[in-house]
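For the sequence shown, our numbering gives the first residue as 7, with consecutive numbering after it.
If you're looking for bench data, these hints aren't it; they were derived computationally from the structure.
Mixed in with the good hints, there may be bad ones.
[What the hints assert, rightly or not] Derived SDA-like pairs: lysine to any residue, alpha-carbon spacing no greater than 20 Å straight-line:
hint	residue 1	residue 2
1	K40	Y50
2	K26	S36
3	K30	K42
4	K26	K42
5	K26	T14
All of these numbers come straight from a predicted model, not from anything done at the bench.
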Amino acid sequence: TIDIIHQTGFRRDHVLQQEKNHRKHSQLLSNLSKAKVLVAFSCYFWMYQVPMLILITAFDA
């Protein structure tokens, strides 16, 4: 039983350490993902919206 308690204690410490690392990491990731989302959105915009606008204006003309 002492072994089990020791293991669970160790696991909790490990999890806490991982949480700390994860929080640091996720801050970086959130900044990165914001940039990625912006890039992806602008790519999406240029790929899909602009041709549609060009087509619409071409049909209107």
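Status of the hints after comparison with the structure:
1. Of the supplied pair hints, the one linking K40 and Y50 holds, its CA atoms being roughly 15 Å apart against a limit of 20 Å.
2. At roughly 15 Å between alpha-carbon atoms, K26 and S36 fall within 20 Å of each other, so this suggested pair holds.
3. For the proposed pair K30 and K42, the alpha carbon gap of about 18 Å is at most 20 Å, so the pair holds.
4. The hinted pair formed by K26 and K42 fails the criterion: a straight-line CA distance of about 24 Å is larger than 20 Å.
5. As the CA atoms of K26 and T14 are separated by approximately 18 Å, the hinted pair is consistent with the 20 Å bound.
Checked against the numbered hints given earlier, this structure breaks only hint 4.
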